[in-house]
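On the provided structure of chain A, position chain B as indicated by the hints.
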Amino acid sequence: MGVANLLENWAKFRHTHPVEDHGHEDWMAYPSDIKWAMAIDLDACIGCNACSVACYAENNLPAVGKEKYAHGAAMHWMRIERYWDETEGVGDFSANQGARFLPMLCQQCDAAPCETVCPVGATNHTEDGLNSQIYNRCIGSRYCLVNCPYKVRYFNWYDYPSTKDVWPSPMEQQLNPDLSVRGKGVMEKCTFCKQRTYMARNNAKSEGRPVHDGDVQTACQESCPTGAIHFGNLFDPESQVARMWKAQKVELDTDKQAKDEDPEENRLRGYHILEYLRPYPSVMYMERVRETSV
Amino acid sequence: MTKDIREDIAWAKINQDVLNSLETPRKAYWVILFVAFCVFSVGVGCEVYQYNMGMGVSNLDNPHAWALYIASFIFWIGMSHSGTLLSAILHIMHADWRKPIYRFAEAMTTFSLITAAMFVAVHLGRVWQIYYALPYPNERWAWPNWQSPLLWDAMAVFTYLSSSMIFLYVGMIPDLAICRDNMQSGWRKKLYTLMALGWEGTDRQWRNFRMTYLTVACFLIPLAVSVHSIVSTDFAVSQQPGMHVTSFPPYFVAGALYSGCAAIISLFIILRYVFKFEEYMTLPILRKVVRLTFAIAMVWTYLNCVEFAATWYSHDEPEKAVLIQKAIGPYAPFFWTMIFCGSVVPFAMMVKKWQTNIPIMFAVSLLLNLGMFLERWMIVSPTLSHDFYPWQWDHNQWPSMVQWGIVFGSFGFFVILFMGFCKVFPSVSMYEVKEMVYHRSLQSRKAEAEPAEGFAAEELAVKGAN
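Here the protein sequences come in this chain order: A and B.
Okay, so the first sequence: first residue is 435 according to the working numbering, each after it adds one.
Okay, so the second sequence: first residue is -8 according to the working numbering, each after it adds one.
These are calculated hints, taken from the structure and not from any lab test.
Being a predicted model, the structure only gives us computed values, none of them experimental.
Hints are supplied without guarantee of correctness; some may be wrong.
[What the hints assert, rightly or not] In silico lysine to any residue, SDA-like type, Cα no more than 25 Å apart, as pairs:
no. : chain 1 : residue 1 : chain 2 : residue 2
1   : A       : K500      : B       : H386
2   : A       : K500      : B       : M44
3   : B       : K344      : B       : Y264
4   : A       : K502      : B       : V393
5   : A       : K500      : B       : V336
6   : A       : K693      : B       : L358
7   : A       : K683      : A       : G642
8   : B       : K311      : A       : K502
9   : B       : K18       : B       : H386
10  : A       : K690      : B       : A312
11  : A       : K628      : A       : Y517
12  : A       : K628      : A       : H646
13  : A       : K469      : A       : C482
14  : B       : K18       : B       : E269
15  : A       : K502      : B       : P390
16  : A       : K628      : B       : H386
17  : A       : K680      : A       : P697
18  : B       : K279      : B       : H386
19  : B       : K311      : A       : Y710
20  : A       : K693      : A       : S657
[Claimed, not checked] Taking beta-carbon pairs under 8 Å as the criterion, some of the chain A residues facing chain B (in silico):
no. : residue
21  : E515
22  : W518
23  : G574
24  : V580
Beta carbons: idealized from backbone N, C-alpha and C, even for Gly.
Bound-form chain B, shown alone:
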């Protein structure tokens, strides 16, 4: 119970267990996929309707030019950050407990970014002209406007998406080779053969692989911080009360890591059950993730207080009015739910017994993400409903079912992509789990043979253990 992973798992069994996940998941897998497909269909239907009728069917109106689409965009971008935290930052920090869970976290990064990018398209009034935002050469010599935070956004998200896809793929190459070697025939065999790039596991390949992986990881870390900082400039650079907040970049990054970690807990629990990964996604690892999430929750809470205090002492009347409107106006139920879910619920994660209690942690992680979704909404909508002067005030806006439908549909979209990935590609990193098991067993042997200090330490040095 105290060990992150059993040290006597045979390497063949690791291969077998993970390869099984590609073949025979529990029935729950198909149920989840079916539900996700239904939800996604609702979203597609709503989007087709909105595309044909115009943005008006989403109940957006003059002061409320932005609502749930932008909020969901930030939410999905935010969710992606924890994948990078687990796979790149903890990789550099040599935290080896991340090894069984980083692969799906990294996949979560990629797919939530794709979902976020979809919201850019959903949000635009003329999505068929979306390529105007790209700096492509054209005969009218028209460039996008580099002063606009939306364009920084597009660049940042695209960079992050492409590099996290590369990172996901590079880290998967040795595992793809294992899959290739264990498949007899079929399209999968062809796919794995193609994607494994002729991996044979020679020393030279491993050396180059390690170097590449480390390089991409180092490249990704500053991106993970910068992307959500840039997303926050959508608001911080504007001059609207409640959006024009200097502390937004760190606040957004903290919120991003927060919602991402909560999503990792949810997906951890789902994958563990669906693919029978009890041996790898163990409860002690869950405990570590939970404690990490709690730490980030407290950072987020602190930054929230900073924002409120800065607003309160700024003596900027419209700014204060927006804050008061959040607390007592029509958005108050959502605002206080956000505070409750974001700052109070995480304390459940400090109860030792609950940290490894799967139903409780699942419920908590969903509540945290609900809070984080509301947080994004509370940044966008209250400001627009209570602007600089009274004529613009409009407290009666409520997103239409079309808007809600597309937001719900995005969850289906994400789940389809994510679960599809986990069925086709190994969602637990086989070679890294083997490393982990091996190093752990060496260490424990070394601990047993402490006075002698011979064989084990030598072998560790030879293998270049980290």
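Chain A on its own, in the form it takes in the complex:
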């Protein structure tokens, strides 16, 4: 960058990125026909943790070891949360009716609380509707994690790639070459398997066609034995995810879904987690239908 360039373009420099924006505002400059979204059927989830394991393998997640895991330093981008019901007479919590499972991953919020608070803009919204995390830009202030209501961002508390037994031999042989490993001091989180979605988009582009439903599966979706996880393009009305969202009357940008608006319609199960905070998550969950209510 020359000084002359800096002086000439100062006003523009302060306002926008040096891209061909065709006269649009910043946020309109990338019209997109893709909005990745997910639908998770809690009724189908059996809590087997296959999705979590697949995520470890796909995204080069470090296995931090028992001690650090217990301490809360686990790096599971996809985690299974377990809840037990309170049952009369058996004690506070029992496995009487089995646990309820909640697969929790980054919700890729449309109005993401993490994005606005990053001091260096390391986390941004992409044109296909995801929260991106730029590892090289991250300075590790951890404000995004503090402000994330789901706590699905994971910080590299240690330099895991150089730590012994994070990928015990020969596990380092299976590290995914499509994405990096992360050094100490940066934040990371679920990307909806960005390496896969981009490959699908590039393939579609080179074949001169739009991305079809089923072109891409996330690692967790692929590994789920019960097919609880659905992933696709919400803007494509024919995609399975869009049809599921529509069937459940779930909207992206509301803080109350039809299920709660109209309790009479008890066949609806779709909702977002913590939607009253209005982060507008891209993951729709479908309530579990309990044995008692059948």
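Okay, now just chain B, sitting in the frame of chain A:
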């Protein structure tokens, strides 16, 4: 005993006493400096270890992304505010009892801000990339994110730090000239000569000096209020229960003035002893500071009640759960210590006999600051330990010795800077104490000669006394 300062101190004696503080402090000075150095070394060691190993060694973990580093950052920023209160606000309000003590209070402002800025670096996961937070031109056209309260913080703190340094320096110029004129040789002579900027004490210089000083003071006052308001937005702008509180800006400013005033009392007592400033930092002035501190303590207590009431009546379940967790959860001992130190202990300052009792006031001021440190911790940690929904709850986090070591080390850092400053630069403003003595003596003479009302009033008018 009732007068703020003796009216018959000769000007030469004022010079002599203050200049002595640059030469021969009591032995306690060196003891304090040595202890501070040891404490600081512990902090440096911990930071080097943390830098090499990663942030994990501080026992931070997933829900507890912030803990003592952020709490200490707020604590040190808060401490800086009372220096400005004494030196700028009371200057504008013509409260002349501030004159013997404002210089060290202003130095406290500057050095506690530097200590706070250090915590930003300590806190970051990748401190070597800290310059990403600055809006510097670069070939990637990447700017910091102006929506982020952390960036507002960086800007506010940097502005406050630079302007309070200017204020400290500008107010010191006439005194530096006195030092220059009384030094025979050595590096200090050179330093004072350079820094006094050729001050000769001519009328024109004094006129310009007064104007500059007043201007910087006026500039600093809104900053003192805005900086801690902006720091509070780190929490108030986030949506976490217990942090997302509308009343935080005034609450933080009140807390800042509170801890700052308490720190002024502690340092007042230390300097008074170490540098033999009994004639200048007198007990009636201590009483005035103590009463000011009590008033601020009550404002803080009130705002605390406002916060609790607002939470309680909000019917926001996670918010209420955090408040209840503070009161009965694992942080309860700290929470109640904070309430005790912050709202109960200050009543000791209303006992007239104790107001001028140095050991009692020293202990009280330390307790107040303990309470204020806990207050900052209680804003950060309980929220993160008891978040929106049960899977995130983690009540077993305790900062590691590395984290504590760095926090303790910061106190050593501050004391080294502060005591070093007081040894090299006059920590009592000589020219303003002379003014104070002079005006007070004129006033008392005027009071004696009330019916005649001749000479004294005339002289006051001529001298432009304020």
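Going down the list of hints, with the structure as the test:
The suggested pairing of A:K500 with B:H386 holds, with an alpha-carbon distance near 19 Å, which does not exceed 25 Å. Of the supplied pair hints, the one linking A:K500 and B:M44 holds, its CA atoms being roughly 19 Å apart against a limit of 25 Å. The straight-line distance between the Cα atoms of B:K344 and B:Y264 is roughly 20 Å, inside the 25 Å bound, and the hint therefore holds. Of the pairs offered as hints, the one joining A:K502 and B:V393 holds, with about 17 Å between alpha carbons and a cut-off of 25 Å not exceeded.
About 45 Å separates the Cα atoms of A:K500 and B:V336, which puts this hinted pair outside 25 Å; it is violated. Our distance criterion of 25 Å between C-alpha atoms is broken by A:K693 and B:L358, whose separation comes to about 54 Å. With a CA separation close to 33 Å, the supplied pair A:K683 and A:G642 exceeds the 25 Å bound. Of the supplied pair hints, the one linking B:K311 and A:K502 is violated, its CA atoms being roughly 31 Å apart against a limit of 25 Å.
Under the criterion of a C-alpha separation no larger than 25 Å, the hint pairing B:K18 with B:H386 is inconsistent with the structure, at around 46 Å. Distance restraint check for A:K690 and B:A312: the Cα-Cα separation of roughly 23 Å lies within the 25 Å cut-off, and the hinted pair is therefore satisfied. Taken as a hint, the A:K628 and A:Y517 pair is broken in the structure, with Cα atoms around 30 Å apart against an allowance of 25 Å. With a C-alpha separation of about 16 Å, the suggested pair A:K628 and A:H646 falls inside the 25 Å cut-off, and the hint holds.
Between A:K469 and A:C482, the direct Cα distance comes to roughly 28 Å. Violation of the 25 Å bound is thereby established for this hinted pair. For the hint pairing B:K18 with B:E269, the CA-to-CA distance comes to about 16 Å; that is within 25 Å, so the pair holds. For the given pair, A:K502 sits about 15 Å from B:P390 by alpha-carbon distance, which is consistent with the 25 Å threshold. Simply put, A:K628 and B:H386 have alpha-carbon atoms about 34 Å apart, too far for the 25 Å limit, and the pair is violated.
Taking the CA atoms of A:K680 and A:P697, the gap is about 18 Å. The hint holds against a cut of 25 Å. Using a Cα cut-off of 25 Å, the hinted pair B:K279 and B:H386 is violated, with the two alpha carbons roughly 43 Å apart. A distance of roughly 16 Å separates the Cα atoms of B:K311 and A:Y710; the hinted pair therefore holds under the 25 Å criterion. For the given pair, A:K693 sits about 29 Å from A:S657 by alpha-carbon distance, which is inconsistent with the 25 Å threshold.
Below 8 Å, beta-carbon pairs count as interface contacts, and A:E515 has one with chain B at about 4 Å; its hint therefore holds. Evaluation of the A:W518 hint against chain B yields a violated restraint, the C-beta minimum of about 10 Å exceeding 8 Å. Annotation: A:G574 was flagged as interfacial toward chain B, and the flag holds, the nearest CB pair being 2 Å apart, inside 8 Å. Hint on A:V580 holds. Least Cβ distance to chain B is approximately 5 Å, under the 8 Å limit.
Hint check: violations occur at hints 5, 6, 7, 8, 9, 11, 13, 16, 18, 20 and 22; the rest are consistent with the structure.
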